Amino acid sequence: MTEKLATLWPEIILFTCACVVMLLGLSERLGVRRLCAPVSAAGLLIAGLFAFYKTPVDPAAMLPNLPVFGKVLAAGIGLLILGLLTGIPDRDYEARVAQGRTRFDPKRTIRSEFYAFFLFSITGLMLCAGATNLIWLFLALELTSLPTYVMVALSTQRDKSLEAAVKYFFLGAMAAAVFLFGFVLLYGATGSVELAQIGATLRHQASVEGGINPIALAGLVLGILGLCFKIAAVPMHFYTPDVYQGAASPVAGMLAFVPKAAGFFALMLLLTAPGWGWMQPGGPGGGHGSLPTPIGEILAIIAVASMTLGNVLAIMQTSVKRLLAYSSIAHSGYMLVALLAGPGRPGTLLPENGYSAILFYLLSYGLTSTAAFAVLALLERKGPDGQVHEADDFADIRGLRKKHPALAWVLALSALGLMGFPPLLGFFAKLPLFASGLAGGHLVLVVILGLNSAVAAFYYLRIVSAALLESPDASGHAEGMVQTPFRGRALAGYVGVLAMVAMVVLPLLSAGSFLHVTPASWASFGGTYKDAAPLAIAPRLPSPAKPMGAAPTGEGPMSEDAPARP
Amino acid sequence: MTIPTISQLPTTLAYANNAYLPILLLLLSAILFAVGNVTISKFLGPSRKGKVKDATYESGVNPIGSARKRFNVRFYLIAMVFLVFDIEIIFLFPWAVTFRNLDMTTVDGGVWLGRIFFFIFTTIVAYVYGYRKGVFKFD
Amino acid sequence: MHYVAVSLVLLLIGTAGLLLRRNIVIILMSIELILNAVNLNLVAFARHHGNAAGQVFALFVIAVAVAEAAVGLGILLALYRNRETVQVDEIDLLKW
Chain A
1 MTEKLATLWP EIILFTCACV VMLLGLSERL GVRRLCAPVS AAGLLIAGLF AFYKTPVDPA
61 AMLPNLPVFG KVLAAGIGLL ILGLLTGIPD RDYEARVAQG RTRFDPKRTI RSEFYAFFLF
121 SITGLMLCAG ATNLIWLFLA LELTSLPTYV MVALSTQRDK SLEAAVKYFF LGAMAAAVFL
181 FGFVLLYGAT GSVELAQIGA TLRHQASVEG GINPIALAGL VLGILGLCFK IAAVPMHFYT
241 PDVYQGAASP VAGMLAFVPK AAGFFALMLL LTAPGWGWMQ PGGPGGGHGS LPTPIGEILA
301 IIAVASMTLG NVLAIMQTSV KRLLAYSSIA HSGYMLVALL AGPGRPGTLL PENGYSAILF
361 YLLSYGLTST AAFAVLALLE RKGPDGQVHE ADDFADIRGL RKKHPALAWV LALSALGLMG
421 FPPLLGFFAK LPLFASGLAG GHLVLVVILG LNSAVAAFYY LRIVSAALLE SPDASGHAEG
481 MVQTPFRGRA LAGYVGVLAM VAMVVLPLLS AGSFLHVTPA SWASFGGTYK DAAPLAIAPR
541 LPSPAKPMGA APTGEGPMSE DAPARP
Chain B
1 MTIPTISQLP TTLAYANNAY LPILLLLLSA ILFAVGNVTI SKFLGPSRKG KVKDATYESG
61 VNPIGSARKR FNVRFYLIAM VFLVFDIEII FLFPWAVTFR NLDMTTVDGG VWLGRIFFFI
121 FTTIVAYVYG YRKGVFKFD
Chain C
1 MHYVAVSLVL LLIGTAGLLL RRNIVIILMS IELILNAVNL NLVAFARHHG NAAGQVFALF
61 VIAVAVAEAA VGLGILLALY RNRETVQVDE IDLLKW
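Protein chains in written order, with this note's numbering: chain A, 1 to 566; chain B, 1 to 139; chain C, 1 to 96.
Incorrect hints may appear among the rest.
[Unchecked claim] Listing some non-contacts, in silico: residues in chain C with all C-beta distances to chain B over 10 Å: (1) M1; (2) V9; (3) L12; (4) T15; (5) R22; (6) L33; (7) N51; (8) I62; (9) N82; (10) R83; (11) E84; (12) T85; (13) V86; (14) V88; (15) D89.
[Said to hold, decoys possible] No more than 25 Å apart at the CA atoms, straight line, and that leaves these computed lysine-lysine pairs for PhoX-like: (16) A:K382 - A:K403; (17) A:K107 - B:K137; (18) A:K107 - B:K133; (19) A:K4 - A:K54; (20) A:K382 - A:K402; (21) B:K137 - B:K69.
Treat the hints as calculated values from the structure; they're not laboratory data.
Note that this is a predicted model, so its numbers are computed, not measured.
Even for Gly, the Cβ is constructed at its ideal location relative to N, Cα and C.
Taking the hints into account, I'd like the entire structure generated from these sequences.
In structure tokens:
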């Protein structure tokens with residue numbers, strides 16, 4: 001019991017920090033209230049450093065290196081998103097208080113809730129990465145998403161964000177009920193809530209009965225469907241564009257990363273339990289590495305549908321936020337291809353290890369999408385009705401280079417990064433998706449992934465051309481755009497893009513050891529993989545590295561975005 | 001009469017037949033009594049209609065307004081606060097039951113104690129937060 | 001295994017309510033119903049397997065259900081103050 005606690009220090013730090021922030025924001029003194037954001041940043045920084053240097057790696061755990069990477073990723077991208085979020089809570093209210101038009105009343109402020117809920121959400125994400133059993137996983141997922149519902153509702157004072165919150169909450173609660181039912185069926189089928197134990201029981205049952213237990217199968221399917229909500233994949237994707245558009249841009253930027261990462265961590269853990277060694281007729285052992293047949297098929301359908309639908313609908317959008325929402329659906333589809341490929345046989349490294357590919361992609365996606373949303377959050381204009389509008393439509397960013405050249409470049413670079421344009425990080429993140437898909441033998445999926453990337457290029461290039469090449473249109477929206485006075489947001493944008501660019505230049509190779517996520521005890525499970533043809537284009541990685549427990553020496557890519565505090 | 005332990009409680013239907021028969025009879029007679037009385041008075045009693053007769057009975061006073069009145073939203077806050085502290089108990093209770101089995105001199109025992117203190121600490125934070133927000137203020 | 005049957009029925013009622021009803025409060029109640037189906041299942045499975053994990057899980061599910069209800073009702077209350085409605089089909093500002 002005690003050793004489990006030792007892995008949780010980052011979460012405890014973050015949680016305590018959230019409690020402190022919750023009380024700080026209610027203070028009568030403006031100076032103390034202002035401390036919310038810096039204290040949150042400090043908490044995230046300390047938690048991230050703690051996770052990086054002090055998290056013990058349990059070599060017997062199911063995915064020994066996932067918690068470390070997941071927590072550092074959560075803290076690092078969390079810092080960027082925190083920068084993005086600055087300035088949302090109490091903007092008008094504090095202005096009124098400062099002008100002396102009203103006295104400060106703790107009842108009216110939302111500052112403390114906003115930052116504390118953000119920290120709670122990140123805590124949930126970290127817990128998700130370290131989950132070892134179903135109860136823990138369920139609670140972590142709920143801790144991740146419950147605060148986000150409230151944050152969507154609080155993000156602007158308009159009807160739209162409330163409506164977005166209602167949609168998000170109800171679909172989210174339904175999805176939670178669905179995956180919870182799945183978890184319960186898994187427990188019912190195996191009699192255990194420990195993921196490793198569940199895996200062992202399933203394989204044992206399969207070797208006796210010659211197939212996966214149908215109740216467990218139903219449980220896994222329900223679990224996957226419910227988690228599709230978190231990652232915004234197809235059967236549960238309806239909310240995405242509405243919620244992204246209804247919420248303020250910074251919160252939308254958070255929604256693009258935090259629940260998605262949590263969902264993918266959960267999916268990885270959930271699918272590692274049955275494992276990849278299922279051959280169609282004979283159960284575990286031998287054959288190609290694949291998931292139990294129906295699950296593999298369902299995941300493949302979800303992946304294809306998400307990619308295609310997301311990209312096709314993204315083309316038709318006139319709102320950049322909705323476009324990014326649909327592209328977020330498509331990105332989930334891409335990552336599901338790697339999920340389907342699985343981690344490969346023990347010792348498989350980055351380009352062919354699907355899990356590592358997902359984690360690397362999450363890192364790249366987190367940086368680039370945060371940067372893209374930061375640009376949207378940084379621009380606003382006063383409408384004819386006197387209301388402040390955030391940048392949303394293409395008309396708002398057309399010809400952005402004329403007035404805000406730096407922002408235009410950030411937006412263009414992040415769009416190119418999301419697209420996977422060759423010299424940028426997105427490209428190096430997408431390659432392992434292809435490579436792992438090929439290694440897993442999913443040629444059709446990989447081809448569809450390639451086609452979709454080409455389709456996606458169309459709308460990403462539209463953003464790039466709107467921002468850099470075109471001139472403002474007659475609506476005058478673009479001319480009216482002014483930069484919001486929040487340095488945190490600008491910092492998030494610049495740091496996100498710089499990290500994205502720099503990570504390609506910096507030794508990307510050491511990521512191989514950091515991203516080395518393989519199930520620990522698979523040797524007995526005979527997960528023999530078809531040998532993939534060596535890929536000439538795949539980035540070369542060092543040979544299997546030292547165990548993660550020894551802190552990687554200094555300049556890993558992660559240590560470089562961690563100090564990026566707003 | 002002694003309270004039976006769990007293993008002594010009836011488990012089969014055959015046993016239940018004898019033991020629960022009186023209760024069933026009581027239940028039936030209660031239902032019959034209630035339904036019967038209402039029915040009989042409907043048939044036998046006099047029935048006069050009128051504006052005053054059909055009005056809502058409010059202890060003899062003239063009724064004011066609709067019964068479907070909205071409550072102050074403050075009650076919602078109170079309900080929420082109640083729920084939070086109510087649900088704390090379901091975690092404290094199992095902990096308290098197993099607490100006796102813990103050896104406080106070992107590290108494990110100390111960690112268990114520390115955990116529940118941390119849990120209570122979060123409750124206190126929630127309390128202070130609610131207090132600052134003015135949930136407990138009635139004016 | 002009657003318990004599992006009952007819980008399945010509860011799940012179906014909950015899902016039907018979720019999909020068919022227009023009143024948001026009833027939708028919230030349907031979700032709570034599904035969570036209760038889950039709890040029943042958990043306790044039944046715990047009894048079946050003879051371990052306490054299911055019961056512990058049920059406790060946590062109850063707590064999460066409460067948190068969810070608190071958040072949901074809070075959002076609903078805010079919505080009602082803004083829009084004066086709790087009907088799903090009248091919430092239509094955001095459309096694709």
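Going down the list of hints, with the structure as the test:
1. M1: holds, 17 Å
2. V9: Given that every Cβ of chain B is farther than 10 Å from that of V9 of chain C, nearest at about 23 Å, it holds.
3. L12: Fine: 27 Å to the nearest Cβ keeps L12 of chain C off the interface.
4. T15: holds, 25 Å
5. R22: holds, 20 Å
6. L33: holds, 18 Å
7. N51: holds, 15 Å
8. I62: At roughly 6 Å from the nearest Cβ of chain B, I62 of chain C sits no farther out than 10 Å, so the non-interface label is violated.
9. N82: The claim stands: N82 of chain C keeps its Cβ more than 10 Å from every Cβ of chain B (closest is about 13 Å).
10. R83: Label holds. Min Cβ-Cβ 16 Å, cutoff 10 Å.
11. E84: Nearest chain B Cβ is 12 Å from E84 of chain C, so the label holds.
12. T85: Correct as stated: the minimum Cβ-Cβ distance to chain B is 15 Å, above 10 Å.
13. V86: holds, 13 Å
14. V88: holds, 21 Å
15. D89: holds, 23 Å
16. A:K382 - A:K403: holds, 16 Å
17. A:K107 - B:K137: Answer holds: K107 of chain A to K137 of chain B is near 11 Å, not above 25 Å.
18. A:K107 - B:K133: holds, 5 Å
19. A:K4 - A:K54: holds, 13 Å
20. A:K382 - A:K402: This hinted pair holds, its Cα atoms lying about 19 Å apart.
21. B:K137 - B:K69: It holds: about 23 Å lies between the C-alpha atoms, which stays within 25 Å.
Taken one by one, the earlier hints fail for this structure only at number 8.
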